[in-house]
Structure formats: C-alpha cells, structure tokens
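S.K.: Here's the letter readout for the chains.
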Amino acid sequence: MNRIGSVLLGLASALAFGLLYAPVVVMVLFSFNAPRGRFNLVWQGFTLENWRQPLRDAALSEAFLTSLGLALAATLLAVLLGGLMALALERARFRGRRSIELLLALPLTNPEIVLATALLNLFVGVDLPRGPLTLLLSHSLFCLSYAALTLKARLAGFDSTLELAAQDLGAPPLQAFCRVTLPLLVPGLLAAALLSFSLSFDDYVVSSFTAGEIVTLPLYLAGAFQREISPQIQVLSSLVLLVSAALLALASPFRQGRP
Amino acid sequence: MLSEPATQIGGSDCRESGSGSGSGGGGDESAAVIAMHNVSRRYGQLVALEGLSLSIAAGEFFSLLGPSGCGKTTTLRLIAGFDRPQAGRILLQGRDLTEAPPHRRPVNLVFQNYALFPHLSVWDNVAFGPRSQRLPEPELRRRVGESLEVVRLSELARRRPHQLSGGQQQRVALARALVNAPAALLLDEPLAALDPDLRRTMRSELKRIQREVGITFLLVTHDREEALSLSDRLAVMHGGRLEQVGTPRQLYDQPRSAVVATFLGAANLLPAVNGEGLRLLRPERLRLSAAPPGQGERGLRARVRELVFQGATVEVRLCGADDLQLIAIDTSAALPDNLRIGEEVWCRWNPADSHLLEAPQS
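Same order as they appear, the protein sequences are chains A and B.
Residue numbering for the first sequence follows the numbering used here, starting at 1 and increasing by one per position.
Residue numbering for the second sequence follows the numbering used here, starting at 1001 and increasing by one per position.
Treat the hints with caution; some may be incorrect.
To be verified - Only part of the chain A face toward chain B is listed, based on derived beta-carbon distances under 8 Å: (1) L155; (2) D159; (3) T161; (4) Q167; (5) L169; (6) G170; (7) L174; (8) V180; (9) P183.
Since the hints were derived computationally from the structure, they do not count as laboratory data.
Treat the numbers as computed from the prediction; the structure is a model and nothing was measured.
We treat Cβ as the ideally placed atom computed from N, Cα and C, and that holds for glycine.
Excised from the complex, chain A in its bound form (with noise of 0.2 Å):
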C-alpha cells in the first residue's frame, strides 16, 4: 500500500514537472535548430549558429537590452523607494499609517489591465507624451508594492535594540544603520529586487498601454509571432532562463533565512 501511494505520488509529481518544464525544454532545444523559413516551429538539424550570435536579429536585441535597462531601473526606483516606505511604516508613527499600508497592498489584487488604463489617463489628461519616462514612473509603480511588502515584512521580524546596541558602542545613528540594519536587510533586499526585476521583465499589460514607440521585449515578441519566429528568440529566452537560474542559485543562501 505504501509502495504503491509512493509510486503514484513519484508517478504524478513526474508528469507535473513534465508539463512544466516541457515547454522550457523545447524552446531551450530549438534554440539550436537550424530552421527553413520564418518560422522555427519544425525540428530540421542541430546547429550552433544561432548561438554564436544571439544579438544577431537587431530589432530583437534592442527589446530586449530595452528591457533590460528598464527592469533595472524600474527595479533601483521601486527598491529605493518601497525600502523607504517599509521603513517609515515600521519605524514611525504616524496618523493614516493602516490607510496606507492598505493602500500599498490593493494593486496586489487589482487587475493590470485596470493600473495600465488609468495610467494611460493619467498620462493623456496631464498631456505627458507616452515614451522611456512613462514607462520607468508605470513600471516602478507596479514594482513598488511587492518590494515594499517584503521588505515590511522583513523589517517586522527585525530587532529594533540592535541598532540601539550599535548606538551604544559608539556608532552615530546613520553608521548604525549601515552596520547593522542593511546587511540584516540584504536578503530582503535581494528578494524584493529580484521580484520587482521579473515583474518589470516580463510585463506586456501595462507596457502596451504606456510605452509609446518604445518596444520592450514583451511587446516585441508578441508582435514578432505574428510574422516570423526567428532561432535567435529561443537563444534570448534561454539566456534569460539561465540568468533566473543563476539568480535564483545566488540568492538560495538567504532564503534559509538568516545563516
């Protein structure tokens, strides 16, 4: 009986990763396809072609080192700012604190496609021409909720008499902090940039309604699929997915939690 619940069990987890990660390992696969025609959706032969320039098609390099440089940015602005929030709604006490921390968590449950319209309104009504700034202000937004949440959360469990100790052994207020609370706040740190990176990355919603002509790698593709389907979008989408990868490999060290 036992045996047999354990096979089934290996059984279902087995197919559910299969179903999973199939698709990842098919795309990672065609990626050294060597294709006919525009579209890389038949198994022709291996090659390493594709791979040896992957920035190769220039309309898709430049969405992609576009998102790449907005996911960063957006990523900086909403870490700086939510680790702000975080800070002054644990730390102080002040009048509307439990409005705004509701406030700060509604875009949670609220639909994109709601943010991305009223963006776009807001936008229009203050007659700021869709391009680069509308698109950083749109994508930090959205990032700023989740980083604030969980470095909140990570300042929650925090022991406020450390930094009075460092205090106390002679460190001015600020030099406390530095010593003491950010290096405690890394892997919230890191957890909150990470998160914010792979929102902003992969956002197509809001992006389509404030992006103006500027194509992020999202917008890209879904346009491009239309057209053709070129090797070198299974080359990027695997150097993504090894970048993640490797990510998600660094930061596993602070997501035991403190060592």
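Knowing the structure of chain A, use the given hints to seat chain B on it.
M.R.: The following block gives chain B in isolation, referenced to the frame of chain A:
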C-alpha cells in the same frame, strides 16, 4: 560619620541614607562616575521617574532593585541615552551629558536579550565598538583578544551568536561592552534569561569580571538575591523613587520602610512596643522553644501553622494572638525535636535584633 555616603536620596523629601555606618565607596560629587540630579520622566500621564537623584562612585558594583514598573529600566535608558528626561541633569564622569546621544556617552549597556549582531562573528561583535572608535588594527586586535579572554571565550571567536548557548551569548555581550573600557557598565536584568543553575554560575562570573576589570557596574534587577549577593551598594526603587540606598547588609538589617523590608526578604512586622509604627524582625532572628523567654529577651506565644522542610533550614509559619502571622527560619538541627503543627510554642528574640521602621508617609 566618616564620609558622606556616595548616594543621596534626593527630591523634595531629601532623606538620608541608611544609618551612616561606613557605606561602601563614597567621596564628593566630582568623583562620581554617574550622577543624576532631580531627574524626572513621564510618559503621558504615567510618572516613570520622579525627582530621582543618585550618584555612583568609581569601581562600585551598584544595583537598582525593584519590582517591574518601578522605574529602574527607565533610569538605565536615561543613563545610556536612549531616552531624555523632562527635568533634571545626568552627569557622567562629571560632564553634563543629559542631552548627549548614546554614541557620545562613556557608558555601555548589556541588553537583557543581549542584542548580539547575528550577521557578525563573536570576534566582530566584540570588535564593533573599537571599530566605531577607529582604533588602529593592532590595538583593536589586542583589546578584542583581551576582552574575550576576560570572559573566557577566546576559543569561540569564529562562531556566530546563534551557535552559542545562552550563557556564552551573555559572555559575548559582556565582552562587547567591556572592550570599550567604559566609565560604567550598565546591565539590564542580565541574568533573567538564563536558567537557575546557569544564573548562579554567571552571578559569580559577573562578580569576578567586575573585580578583574575594576569598572563601575550598574545592575538593574528585580531579583533580590542577585542584588544582595553582588552589590557593594544597592538602591530599592518603588514608584519612580528611590526608597533607600545602602549596603546590602544595611538594607536587609535596617530597612527604612516596610516596602524595603519586605522586598529584601521574608519579614515579621510586629507592632512597636509603644504602639506607634512597626518593628522588623527577620525570620532567622526568631527562636522557637517550649521554654519562656529568658532575661533580656522578648517573646510571645504562637501556634505552629505550617512546617516547611528545606534541607539545611526549616521554615515555620506560626499564628499568634490577634491573628499575627509569623515566620521563623532556623537550621533543622536547632529546632525543638517535637515541633508539631497545631502546637503552641514560645517565639523568642533579642530586642537588639529587631528594628524600628519609619511609619509610612500618608
């Protein structure tokens, strides 16, 4: 009187300390490491400290003893600089530092939960202070090494705090404070988090370390045994004021008030002979016997209510006339053999062993 007691009880009701019999430490104000003048602190309606004055001499082991909420922790936070008083002055080494931030004060605090930095090794925890002072590296290494030696933790310098036992963490906290050679070390209930056996060990460790480094220790505790066994002098706090300051012996034998008397140990409070006030008679001063009191002795009849055998000693609870409750503690060997519950015996004492308490102020 040889010298002024180093501690004066201040405020409007300036009462003198103890009975003046050779109090430990002393000297004039300027020699005080910690001096507080009429310090008051309120939190909204709550009065935490009311006109507190206190002065502690160099090298003293001084304790603030009192129940929770008596203001002892507030006093410590004010001295450390984590809080500011609304009135009064705080002098450290003769300098007025009432408004100075914590990092500019020549005192260090050992936190009740130790507050060790979890991301730093034992060595780096101890080196935190010297690095804040930007000590040159060789000097820093020497000082940290010495400090760890004093608390006997040199072997564990590479460990992280979470890899240490409670007692070891306590030692790290001590070393981390002592390495700065503070004018005074402030200890906030340092032994409260330890289990009873370890607490006794750490108690003697504290005393040894204080003797070794010769730094002024200011201990805050609600544990009377701790305060009595460790302190050169101690102060009993009650309701934001100092009730009395003196040596452990003075406070135990000659408490000013019933509050101090009962806080420092089991106490028999008998009506005074002339009917005014109360007399304190410690349980170990009371002798039980079948024979009536001899010449020069006092005595009264009481019925044995309870016998509690405690090994070396036996605690006897008795009930006298007018429902007077008494406690006697004696060595098991010295008690009458045939003492039974319900029996009437003589409780005898030497009048010189009893002590007249001040009537409580209305």
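S.K.: Under 8 Å is the threshold here; is the Cβ of T161/A close enough to any Cβ of chain B for the hint to stand?
M.R.: holds, 4 Å
S.K.: Given L174/A as an interface hint, is the shortest Cβ-Cβ distance to chain B below 8 Å?
M.R.: violated, 11 Å
S.K.: Going by Cβ atoms only, is L169/A closer than 8 Å to chain B?
M.R.: Constraint on L169/A satisfied, holds at 4 Å.
S.K.: Quick check on Q167/A please, does its C-beta sit within 8 Å of some C-beta on chain B?
M.R.: At about 4 Å, which falls below the 8 Å cut-off, the nearest Cβ of chain B leaves the hint on Q167/A intact, so it holds.
S.K.: Can we keep the P183/A interface hint, with Cβ of chain B closer than 8 Å?
M.R.: holds, 5 Å
S.K.: With a cut-off of 8 Å, does the beta carbon of V180/A approach a beta carbon of chain B closely enough for the hint to hold?
M.R.: holds, 6 Å
S.K.: Restraint: D159/A near chain B, CB-CB cut 8 Å. Satisfied or not?
M.R.: holds, 7 Å
S.K.: Report holds or violated for the interface hint on G170/A, using the least CB-CB distance to chain B and a cut-off of 8 Å.
M.R.: Hint on G170/A: holds, closest Cβ of chain B at ~3 Å, below 8 Å.
S.K.: L155/A was flagged as interface toward chain B. Is the shortest Cβ-Cβ separation under 8 Å?
M.R.: Hint on L155/A: violated, closest Cβ of chain B at ~15 Å, above 8 Å.
This entry does not satisfy hints 1 and 7, going by the numbered hints stated previously.
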